[in-house]
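Could you build all of it, start to finish, from the sequences and the hints given here?
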Amino acid sequence: MALATRQRRPGLPSDLPPSSPAYTKFDKKPAARSDGGGAPEDDRGLGWFMPLFALGMLRYMSATSNIVHDCDEVFNYWEPLHYLLYKSGFQTWEYSSQFALRSYLYIIFHELVGQPASWLYAEDKVRVFYAVRIFLGLLSVIADSVLVVALSRKYGKRLASYALAMLCLTSGCFFASTSFLPSSFSMYAMSLSSGLFLLEKPAMAVAVSAVGVILGWPFSILAFLPVVFYSLARRFKQVFVAGAVTSLALLALSVYVDYLYYKRWTSSVLNLLVYNVLGGGESHLYGTEGPLYYLRNGFNNFNFGFVLALLFLGILPIARKKYAPDLLVVVSPLYIWLAFMSLQPHKEERFLYPVYPLICIAASAVIESFPDLFRDKYNPNDKNLMVMAAKILRPLVLGLILCASHARTFSLINGYAAPLEVYKILEHHDDAGPGSVVCVGSEWHRYPSSFFIPDYVGQVRWIDDGFRGLLPLPFNSTMGGTSAAPPYFNDKNKASDDQYLQDLDACTFLVELQLNRPYPSRGSNLSTWEPIAALPYLDRELSPPLYRSFFIPYLWQQRNVFGMYKLLKRISK
1 MALATRQRRP
11 GLPSDLPPSS
21 PAYTKFDKKP
31 AARSDGGGAP
41 EDDRGLGWFM
51 PLFALGMLRY
61 MSATSNIVHD
71 CDEVFNYWEP
81 LHYLLYKSGF
91 QTWEYSSQFA
101 LRSYLYIIFH
111 ELVGQPASWL
121 YAEDKVRVFY
131 AVRIFLGLLS
141 VIADSVLVVA
151 LSRKYGKRLA
161 SYALAMLCLT
171 SGCFFASTSF
181 LPSSFSMYAM
191 SLSSGLFLLE
201 KPAMAVAVSA
211 VGVILGWPFS
221 ILAFLPVVFY
231 SLARRFKQVF
241 VAGAVTSLAL
251 LALSVYVDYL
261 YYKRWTSSVL
271 NLLVYNVLGG
281 GESHLYGTEG
291 PLYYLRNGFN
301 NFNFGFVLAL
311 LFLGILPIAR
321 KKYAPDLLVV
331 VSPLYIWLAF
341 MSLQPHKEER
351 FLYPVYPLIC
361 IAASAVIESF
371 PDLFRDKYNP
381 NDKNLMVMAA
391 KILRPLVLGL
401 ILCASHARTF
411 SLINGYAAPL
421 EVYKILEHHD
431 DAGPGSVVCV
441 GSEWHRYPSS
451 FFIPDYVGQV
461 RWIDDGFRGL
471 LPLPFNSTMG
481 GTSAAPPYFN
491 DKNKASDDQY
501 LQDLDACTFL
511 VELQLNRPYP
521 SRGSNLSTWE
531 PIAALPYLDR
541 ELSPPLYRSF
551 FIPYLWQQRN
561 VFGMYKLLKR
571 ISK
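FYI, in UniProt numbering the residues of the sequence shown are 1 to 573.
It cannot be assumed that every hint is accurate.
For lysine-lysine, the following DSS-like pairs were computed, each having C-alpha atoms within a straight-line distance of at most 30 Å [to be verified]: (1) LYS347 x LYS157; (2) LYS494 x LYS87; (3) LYS87 x LYS424.
Simulated from the structure, these hints should not be mistaken for laboratory data.
Rendered as structure tokens:
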């Protein structure tokens, strides 16, 4: 009887008696999808080529076309890097040795690429800027590729392909992936640790989490806790040793690097935590937002994908066998982080960066599960009309998300790229002579970094346009450079008497944003200044929210209002 069973041609599952041990291809696929979400045998996963190639192209596009979204990126990261490379640049109060809130370990990690690039490109500092950006994109490519491959091996090609598309094309990931910010570095670590966790490498996942927290952004520790705790529950000794060794080694290295640059024994990681948590940090001095800020921001950067990501918990009762517990552990930091950050008074877009990959995963899982919402749970092969409609709906919804994301990306790049392009014009006006002074008024917060200032320019100076907060000032080499504790810095955001140029006649160039406003601008006196570059800049205040946020062909140009971002040169007398 057993021999007859082995020799008979396999039939449909209904042809076999319930007690039969025979295992057919019809049994295999549903069984593989029901034991914790494993991929079916004929869906072993994506190879490495597709995610590396797709992400590589998109990250290169991001590195070469991304705008600078945050002045904190410039003054707290690009400027210290510029100082290490060229011995000039702006310093913020956080880098004063009196406060020592920023880690030079994070800066010198990027100097490993910046220094060879500065030797290769000599005086062309703009190329060094983009070389570092390409390096950031490469880190993102590696981390996100591991995540996509892990998703494909555990949950199948469809879910992985959806996640890959969103990691490549959603506006949030496109811009955050090449931003020189610790929160972006923590985002890389989040992708890599999540991928390693899904690949059943918990010790490596926890070690990467420690790198993301200590080398990247210390506050992101909250987002890594679910993976860390679940990994400890699985293999406590191995995971604990990996996490402890990595953490202690990095903390010791960070303290040593801080000593080399601040010239005193201190820990910037500890200082930052004490200032913001135990010391009652006054981040509210730099602006506050309402509790819905991150919900609006999430929709802007992921549109309907963000809405679907928030609905992931809602589909768990139906898709529990596929996604619980591993994918739930991976995605859960999204909700923890979103709730925690929404309670903080000071909010910035970059604070949400660490969980951007998780938004893509959660949204992809929801889209992939559309047919499950209508399928008979006792008949996994159910193909009723609603199930077929849900399958058709999956690519349509994904396409809508990606098209809206492209519209957002296109709007930001074309609407706000003027500062980067205008400052590049300076290199073509070296006839102004050495020691020239570039003056910037209210546009100080859009300064793209000293990498865009050619060598013939002696100084970049701020001019008083009414701002009463503390502005960055040049690193003072005579006071010790990185080890200096200048008396004009404070942690109360109070303006210093030294931050503004008093003699405006010393200005050779002036950067000005000319908007349609009732008050005059400094650069409007054509008898004093000659415009040498002018590019359109999207006027956020006068443009409708829908049309400024998303590029809609024809309507984007017609409905939005634009100012002119100008570079002016003083007319010689």
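Outcome of the hint check:
no.	hint	in the structure
1	LYS347 x LYS157	36 Å, violated
2	LYS494 x LYS87	27 Å, holds
3	LYS87 x LYS424	21 Å, holds
Checked against the numbered hints given earlier, this structure breaks only hint 1.
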